[in-house]
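Chain A is already provided as a structure; the job is to place chain B on it using the hints.
Protein sequences appear in the order of chains A and B. In terms of the working numbering, the first sequence opens at residue 3 and continues consecutively. In terms of the working numbering, the second sequence opens at residue 400 and continues consecutively.
If you're looking for bench data, these hints aren't it; they were derived computationally from the structure. A few of these clues could be false.
Claimed, not checked - Distance windows between CB atoms, simulated:
id, chain 1, residue 1, chain 2, residue 2, range
1, A, Gly38, B, Ala552, 20 to 30 Å
2, B, Ala602, A, Leu40, 22 to 32 Å
3, B, Pro544, A, Met92, 43 to 53 Å
4, B, Pro605, A, Leu11, 13 to 23 Å
5, B, Val500, A, Met76, 46 to 56 Å
6, B, Ser584, A, Leu31, 24 to 34 Å
7, A, Arg34, B, Ala503, 19 to 29 Å
8, A, Pro7, B, Arg583, 39 to 49 Å
9, A, Leu108, B, Gly499, 54 to 64 Å
10, B, Leu402, A, Ile4, 42 to 52 Å
Think of the CB as a built atom: it goes at the ideal place given N, C-alpha and C, for glycine as much as any other residue.
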Amino acid sequence: MIDRPQFWLVVLFLGISTYAIRFSFLGLLGRRPLPGWLQRCLRYTAVAVMPALVAPAVLWPVATGGHTDPARLMAALATLAVGMITKQMMATIAAGVAVLAVLQYLLV
Amino acid sequence: MSLPRQAFLRGCRDALPFLVVIVPFAMLFGLAASEAGLHLYEIMAFTVTVFAGASQLVALQLLQDQAPLLVILATSLAVNLRMLMYSVTLAPHFGAAPVGVRAAMAYFLIDQSFALSVAEFDKRPMQTLPEKIGYFFGVVTPIAPLWMISTIAGAVAGRAIPPEYALDFAVPITFLAMTAPMIRSLPHAVAAGLSVALTLGLAFLPYGTGLLVAAAVGMAAGAMLEYRREKAGRV
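With the rest of the complex left out, here is chain A (with noise of 0.2 Å):
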């Protein structure tokens, strides 16, 4: 169950932070350039993040008490290598979740 006066905590300031991050150079720094090691490390923020963010609910699911689950370990595996070999997100999710939806038949 989610806290309501925490929900609204994080609407506020998660919407308040981000717009100052897109507003930041934009709408006030200009041409001001970033620190060149600065503006390196922000190119793999998202490879840094994202992958990181889902890997514990890929090895240990919630949906089956935290036990790992070969379906779901291979249906992460398969969308990584089709994401990384075709490029194309669309297909990418499809392949994913074709690859869950029959190991899932297969396996139960």
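Just chain B now, with coordinates in the frame of chain A:
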């Protein structure tokens, strides 16, 4: 037809293929939020205020885990840090626009408006400021309303989907599908792999705080490797 208007329509048209991604992703958020017990007005307040899908899904997950406010904000903002890069990159193109226009653009600065605009300005470097502005808003014109509508659709449909469909796994698959195509060099693979390994190793830390450490280490490792390879002349 005026040139800015042509640019606007070109933006609209270029955005259309992305709707295939936007619609299901927005529905997924609406669905996950409604399964988490949020009301439709709460879901819409969330999506209109933040307007950054991946970070909304992250925040939603951590809210359900009862994580502390600061952890929720730090983790979801880490997902949005890439937009700092977008803001930096677009600033030289739009610096001369009125501040009101730039303020509106900032709200609509999303992956698609950034990526398409950069590609367009690269392809047609002689465009005037009004044309560039027209193109940028052209891109978000089909995307933003459909994002909102699809969120509502997902929230409403969510209550009708039986739990035995492994919906818990829709978010992991979507996130992996979004990032896998970005892993296009060894530094990217190292950043992702190291971050994943460290996050799993630090899983004993509460509320995913290990992720923050792991992601920072992964980013730094990717950047350092890139720097070394550049110095060695292998870009």
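Evaluated hints:
no. : hint                             : in the structure
1   : A:Gly38 to B:Ala552: 20 to 30 Å  : 44 Å, violated
2   : B:Ala602 to A:Leu40: 22 to 32 Å  : 29 Å, holds
3   : B:Pro544 to A:Met92: 43 to 53 Å  : 20 Å, violated
4   : B:Pro605 to A:Leu11: 13 to 23 Å  : 19 Å, holds
5   : B:Val500 to A:Met76: 46 to 56 Å  : 49 Å, holds
6   : B:Ser584 to A:Leu31: 24 to 34 Å  : 28 Å, holds
7   : A:Arg34 to B:Ala503: 19 to 29 Å  : 22 Å, holds
8   : A:Pro7 to B:Arg583: 39 to 49 Å   : 43 Å, holds
9   : A:Leu108 to B:Gly499: 54 to 64 Å : 58 Å, holds
10  : B:Leu402 to A:Ile4: 42 to 52 Å   : 48 Å, holds
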